[in-house]
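Chains as they are written, first to last, in numbering that gives the first Met the number 0: chain U, 0 to 323; chain G, 0 to 323.
Heads up, some of the hints might be wrong.
Anything over 12 angstroms on all C-beta distances counts as not near chain G; from chain U, calculated [as the list claims (entries may be wrong)]:
| # | residue |
| --- | --- |
| 1 | Gly22 |
| 2 | Gly238 |
| 3 | Asp256 |
Sample of chain U residues at the chain G side, in silico, Cβ under 7 angstroms [claimed, not checked]:
| # | residue |
| --- | --- |
| 4 | Val45 |
| 5 | Asn227 |
| 6 | Ile234 |
| 7 | Ala268 |
| 8 | His274 |
Now the stretches of chain G that chain U is said to cover, found in silico as 3 or more residues with beta-carbon under 8 angstroms [as the list claims (entries may be wrong)]:
| # | stretch |
| --- | --- |
| 9 | 133–145 |
| 10 | 228–242 |
| 11 | 277–284 |
| 12 | 290–296 |
Hints were generated in silico from the structure; no laboratory data involved.
Quick caveat: nothing in here was measured; it's all calculated off a predicted structure.
Built from N, CA and C at the ideal position, the CB exists for glycine as well.
Protein chains: 2
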Amino acid sequence: MRSTDELKCLFDEAIAGHRRSLGRLLTVVERGGQAAAAVNDMAHAVGGNGHVIGITGAPGSGKSTVTGQMLRLLVAAGAKPAVLAVDPSSPLTGGAILGDRLRMDDGPDSFIRSMATRGQSGGLAVAVPAAVRLFDACGYNPIIIETVGVGQVEVDITGAADTCLVVVAPGWGDAVQANKAGLLEVADVFVVNKSDTPGAKDVRRDLEFMLDLGHVSGHEVRRGSRPNIVNTIGISGVGIDEVLAEAAKHLERLASDGQLADRRKRRIAIEIRSHLQQQLAETVDALIEGPVGGAHIDQVANGSMRPSEAVQALYSGLDDGGCL
Amino acid sequence: MRSTDELKCLFDEAIAGHRRSLGRLLTVVERGGQAAAAVNDMAHAVGGNGHVIGITGAPGSGKSTVTGQMLRLLVAAGAKPAVLAVDPSSPLTGGAILGDRLRMDDGPDSFIRSMATRGQSGGLAVAVPAAVRLFDACGYNPIIIETVGVGQVEVDITGAADTCLVVVAPGWGDAVQANKAGLLEVADVFVVNKSDTPGAKDVRRDLEFMLDLGHVSGHEVRRGSRPNIVNTIGISGVGIDEVLAEAAKHLERLASDGQLADRRKRRIAIEIRSHLQQQLAETVDALIEGPVGGAHIDQVANGSMRPSEAVQALYSGLDDGGCL
Numbered sequence: 000m001r002s003t004d005e006l007k008c009l010f011d012e013a014i015a016g017h018r019r020s021l022g023r024l025l026t027v028v029e030r031g032g033q034a035a036a037a038v039n040d041m042a043h044a045v046g047g048n049g050h051v052i053g054i055t056g057a058p059g060s061g062k063s064t065v066t067g068q069m070l071r072l073l074v075a076a077g078a079k080p081a082v083l084a085v086d087p088s089s090p091l092t093g094g095a096i097l098g099d100r101l102r103m104d105d106g107p108d109s110f111i112r113s114m115a116t117r118g119q120s121g122g123l124a125v126a127v128p129a130a131v132r133l134f135d136a137c138g139y140n141p142i143i144i145e146t147v148g149v150g151q152v153e154v155d156i157t158g159a160a161d162t163c164l165v166v167v168a169p170g171w172g173d174a175v176q177a178n179k180a181g182l183l184e185v186a187d188v189f190v191v192n193k194s195d196t197p198g199a200k201d202v203r204r205d206l207e208f209m210l211d212l213g214h215v216s217g218h219e220v221r222r223g224s225r226p227n228i229v230n231t232i233g234i235s236g237v238g239i240d241e242v243l244a245e246a247a248k249h250l251e252r253l254a255s256d257g258q259l260a261d262r263r264k265r266r267i268a269i270e271i272r273s274h275l276q277q278q279l280a281e282t283v284d285a286l287i288e289g290p291v292g293g294a295h296i297d298q299v300a301n302g303s304m305r306p307s308e309a310v311q312a313l314y315s316g317l318d319d320g321g322c323l
Numbered sequence: 000m001r002s003t004d005e006l007k008c009l010f011d012e013a014i015a016g017h018r019r020s021l022g023r024l025l026t027v028v029e030r031g032g033q034a035a036a037a038v039n040d041m042a043h044a045v046g047g048n049g050h051v052i053g054i055t056g057a058p059g060s061g062k063s064t065v066t067g068q069m070l071r072l073l074v075a076a077g078a079k080p081a082v083l084a085v086d087p088s089s090p091l092t093g094g095a096i097l098g099d100r101l102r103m104d105d106g107p108d109s110f111i112r113s114m115a116t117r118g119q120s121g122g123l124a125v126a127v128p129a130a131v132r133l134f135d136a137c138g139y140n141p142i143i144i145e146t147v148g149v150g151q152v153e154v155d156i157t158g159a160a161d162t163c164l165v166v167v168a169p170g171w172g173d174a175v176q177a178n179k180a181g182l183l184e185v186a187d188v189f190v191v192n193k194s195d196t197p198g199a200k201d202v203r204r205d206l207e208f209m210l211d212l213g214h215v216s217g218h219e220v221r222r223g224s225r226p227n228i229v230n231t232i233g234i235s236g237v238g239i240d241e242v243l244a245e246a247a248k249h250l251e252r253l254a255s256d257g258q259l260a261d262r263r264k265r266r267i268a269i270e271i272r273s274h275l276q277q278q279l280a281e282t283v284d285a286l287i288e289g290p291v292g293g294a295h296i297d298q299v300a301n302g303s304m305r306p307s308e309a310v311q312a313l314y315s316g317l318d319d320g321g322c323l
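Please take these sequences and the hints and turn them into a complete structure.
Right, dumping it as structure tokens:
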């Protein structure tokens, strides 16, 4: 582990624009633990006001292509965007991802970083907010978080952004399926990608129909207003300017009606919860794998204790034993 | 919520072979809470010694087809199998699943049940062991747990079975990707499905190569012996008898070398851990959403408190406040 002085030195360099130092700090953040918490605190002290954009959607919907095109346009417009590509479960989509990443521009005016921690979704829930804060402190704006999978972790991560883009496309991952997966209710802007392919019209119609019917459960309550829908053709860049314009418009609306502060507090709440859950998970693991846990497991296995009794005994023992 | 008497009545009926009562109890178990814990305790008291088989693999590998064929052969051989199809994240694969389920035999000699709790992977980690115990108490054997996704929850669920089958097939989800996703290290038997398609030979060769090299991280330590590989063509049923034979052989080996008891204790440990984590998650949520959590979040948001300070203050407050 690096000393606090070393971390501070790397941090000062990163703030001053040294890309390698930023890269090293992102690795520190990804590994977690006390060093990661120290870096997170440093970035928090510097602050920043970057627009955090989440982008999610089904595998095959073309999220990465859309993200790459957004990056290109942003750089051309003089912005300094960062992309954090998050892959919580390292799922079997892995093969395609590297290729997509390589196709993205990663020039001096942007920063692209992939994060994957196999079997450690709790780790990602802690690492992503810290990485975002680090990009923010270094002046990157917007900060785009692209999630690869479609599980709850992804929905949580994307839902904690200022603006959440949900990409849908014909086929696997159409609107109905996206709704089932809980993706629609976190959307602030919908992107109907591959809009030149058969079925794209249907996807858009389904989406509007579901919004009309209020079928996107919880959306009105959680996100405030009906999301706009943008048609894109990721591969040729059609519609990407409109996606960026919609995202900017959304940020303006949030800022003007006071919602932006609420969203950012909610992001902090999710971050703190993730830290607490991670620490508690370690406590529980130590208890279960220790002699007390072992004795209870033996008794459940030989039938002399009910499962619910073992759970309650261990739960009430969590604070007695000075575990917390 | 149903009363304990009602649950006991349903339970007695389920044990006696009433399918609708079993179905209702599975719903109780799926919903969680005290009623689920009561049913789990009842099933634990009755016990059972069914063979728990986990089956997992990439989307598109043909897991469901293989499972359906296994079910058919088992029923034909006079067994009374149950299938629990688990979909932790309700991912965007959803569309295909219902169709697969419908194609499975669900006659009087078998029981098929799907379980999905969107956004509640913790809920599934608790519900699945209870459902398995319920099937076991009702005399179903084997009990096949089929997971749909490829995330950590799926690996955990499948890894807690007596015997774990991992299905690989050419294309998306080949052997290298499956290894990355942590699927290989939980395998007791590999099924190379779609073995009549181009690329199947490569998948098998890659698999054997990785096993030769010891590249399947942790496998020797965790699972004890090199898994056998079976070629199948799920759609026509080729090789399914061999899959069942390998699964039975694996169970025999576990029983004869004393590993079966260890695996079942490990399953109980995972179950108890999931219960504890679920209860702690509720405690943490209440704290974060309460006034104390809110005050800390405000301070982090306005810059007057570091994130790590807020985490530590709330963590040490978890037992002070009588939360546990």
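Structure-based check of all given hints:
{"no.": "1", "hint": "Gly22", "result": "holds, 22 angstroms"}
{"no.": "2", "hint": "Gly238", "result": "holds, 22 angstroms"}
{"no.": "3", "hint": "Asp256", "result": "holds, 18 angstroms"}
{"no.": "4", "hint": "Val45", "result": "violated, 10 angstroms"}
{"no.": "5", "hint": "Asn227", "result": "violated, 22 angstroms"}
{"no.": "6", "hint": "Ile234", "result": "violated, 20 angstroms"}
{"no.": "7", "hint": "Ala268", "result": "holds, 5 angstroms"}
{"no.": "8", "hint": "His274", "result": "holds, 4 angstroms"}
{"no.": "9", "hint": "133–145", "result": "violated (count 0)"}
{"no.": "10", "hint": "228–242", "result": "violated (count 0)"}
{"no.": "11", "hint": "277–284", "result": "holds (count 5)"}
{"no.": "12", "hint": "290–296", "result": "holds (count 3)"}
In summary, the numbered hints that this structure violates are 4, 5, 6, 9, 10.
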